[in-house]
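Engineer: The listed protein sequences correspond, in order, to chains A and B.
Each step along the first sequence adds one to the number in our numbering, with nothing skipped, and position 225 is 225.
Each step along the second sequence adds one to the number in our numbering, with nothing skipped, and position 220 is 220.
Treat the hints as calculated values from the structure; they're not laboratory data.
Note that the structure is predicted; figures quoted are calculated from it, not measured.
Heads up, the beta-carbon is just placed ideally off N, CA and C, and yes, glycines get one too.
Keep in mind that a hint or two might mislead.
[Said to hold, decoys possible] Short, incomplete list of chain B residues facing chain A, as computed with Cβ under 8 Å:
id, residue
1, M162
2, N177
3, V179
4, P196
5, Q239
Here's the letter readout for the chains.
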Amino acid sequence: MTHVAPDGQTIAPAEAAGAATPVLEARGVYKVFVTRGRGGLRAMTALRRVDLQVRRGEFLTLIGPSGCGKSTVLNMFAGLTAPTDGTVLHEGVPIRGVNTRGGYVTQDDNLLPWRTTLGNVQIALELKGVRRDERHERAMAYLAAVGLRGFEHHYPHELSGGMRKRVSIVRTLVDTSVNVILMDEPFGPLDAQTRLVLQDELLRLWEGSGRTIVFVTHDLVEAIALSDRIAIFTGAPGTIKDVREVPIPRPRDVFHIHDAHGFAEIYDAIWAGLRAELTTEPMHDG
Amino acid sequence: MSLPRETAHELRLREQAGRQARRQARAGGVLLGAARGGVVAALLAVWAFASGRWVDRQFVADPLSVLRALGSLVGSGRLWPDLAQTLVEVLSGYAIGATLGVAVALVVAFEATLQRVLRPFLIAFYSIPKIALAPLFVMWFGLGLTPKVILAATFVFFVVFMNMVTGLYQVSPHLVNAVRVMGATRRDIVWKVALPSSTPYLMTGLRIAIPEALIGAVIGEFMSATVGLGYLVNEAAQQFNTAVTLAAIVALLVVVVAMDAGISALEGRLLCWRSSHADLASLARR
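Isolated chain A (complex conformation) (with noise of 0.2 Å):
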C-alpha cells in the first residue's frame, strides 16, 4: 500500500524484509547509566530486560512514570544511545551508530532559531541532498498542510508553541526516507486545546501513510486517542510490564475520544496498571 503524501510524494512501501520482521526491535535490552555524583561515580539501572516489537505502519505509545526509561528506548531506536547489553534492531538489523532512517520529534521543537520556518522543514532534505527546487517545493506543500502558508519566512521566536511544534513536526515528515518516527512527548508543553488540535493533525498526517510511529507521553488519555497500542512500563529501573491493543476504529476523533466506544475499558485497564507503578514513583527524573 502506497500513501500519497501532501507533497504529491508517495512514501516507500513496507521493504523486502517482509512484513514479518518488526520494524523496530528491543530484544533483553539493559541500560546502565554512570553518574558522577558527590560519593564519585554512581552506576544506576534505568531499563532492565525491554522486549518490544514494533509493528510495520503502526502507531505504539510508551507510557509509564517519570524516569522509567521510556524516552532511553526512544534514544536507542534513534542511535543516540546504545544499549549497554542486548540488541536493538531496525528493519532486522542491528543499530549501530546514529539511525538516520528515523526521524526524531522532542518534547522541546529543537528548531534552528537561526532558521526561517521554510529553512527549518528544508534542513533534513538538505542533508540529504535532495535538490533546491524539490525541498522547496515539498517543504511548501507540507506548510500548507498544517495552516502554515503565510509563516514561511518567520523565525521561531516569532511563532507560538503550536505553530513551531507543528513546524517540528513538520520538518520530520517531509523527509520520506523515514519509515519511523520517533515522538518523545511532544505535545508535554502545550496548552490543552493546542494539543487536541495538534493531536488530530498528526493522525491525520499520518493515518493512511504507512509509516511507523512510536511515541511517548503520560498522558493516558493522549495515548488510547492515538494509539493502536500502548506498551506499560514499570517505575525504574524500567521495563515492559504489559502491551495493550486499543481496540477503537479508525478514523479517530481526538475531540471527543472520550465517548467512542471501548474507550472507559481500556483507559479503566490501562489504568490500573500504571496506578501500581505510580505510587513507587522515584522523586527524580531520569
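With chain A held as given, fit chain B onto it using these hints.
Structural biologist: Same frame as chain A, but now just chain B:
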C-alpha cells in the same frame, strides 16, 4: 491559521499605529542626535576652557589648534601615508587574528583530546603580556609591516578565540542530535549548527577585538617605524607638539568608530533571527 481578511477599521488602526511609531522613531532620532551633540559640545567647551588655564597649553593643546593641526595634516596630505599604513596593519592583523581565533576554537571544541593536550599551553600563551612580545617580533620580523600585523593578529586572536570557544560550548546538544538523526555529517554540524549558533559570541569577540587590533599596530609602530599613526603620535609627542599628537589620536578614533560601524552592520545582517534584547531600562521602570 491562514491570515483572515482585515476590516477597514482594523486597517485604519494598523496604519495609525504605524504612522505614530514612525513619527516617534524620527523624533527620538532627532532628540538622540541633539543629546549627543550636546555632550560633544560640553566636552569641547570644558577642554577649550581648561587648556591654558588649568593645564599648560604645552601639554594639552586646545581643541581649536588640534582641529587646525588635523586640517593641515589632511590638507598637506601628510596624514594619508600614516593612515594607510596603520589601516593596512590593523585590517590584515584583524583578519588573520580573527580567522585563526575561529579556526583554533573550532579545533578545540571538536577535538576533545587535542583540547586537553593544548589547554595548558594556550593558557600559558594567553597569560604572557603580549606587549612584551613586541621587541621580539621586531627582532624577528624586521622594521616593516610584518611585526605590526603579527602583533595586531596576536592581540585579536585571543579575544576572538576566547569568545568563540565560549560560544561553541553553549551550542545545544539537543540541536546537534536533532540534525545528526537527520543525517548531518561533522562538516554539516560545524556549518549548519555550531557556527550559526555561536555567531552572537563571535560578534562580541569581533567587537572587543577592534581596539585590540589598533593597540597591537600602534605598539608595533611605537617600537620602530617610519610611518603610521602610532609613529605620528610618538614623533609629535617627543617634539611636545600635543596638537598633532591629539590630531593623530582623533584619526585613530575615526578608524575604531568606522570598524565598529562595520561590525554593527554585519551583526544586523547575521543576527536578524534573534529576538530583540531584553530592554531592562523600560522593563524595570516603576
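Engineer: Each hint should be assessed against the structure and marked as holding or not.
Structural biologist: So, going through the hints one by one against the coordinates:
1. Taking 8 Å as the C-beta cut-off, the interface hint given for M162(B) is violated, the closest approach to chain A being about 22 Å.
2. Among the interface hints, the one on N177(B) holds; its C-beta lies about 6 Å from the nearest C-beta in chain A, closer than the 8 Å criterion.
3. With 8 Å as the threshold, the beta carbon of V179(B) comes within range of chain A, its nearest partner Cβ sitting at about 7 Å, so the hint holds.
4. Interface restraint check for P196(B): the shortest CB-CB distance to chain A comes to about 4 Å, inside 8 Å, so the restraint holds.
5. Because the smallest distance between the Cβ of Q239(B) and any Cβ of chain A comes to about 53 Å, over 8 Å, the interface hint for this residue is violated.
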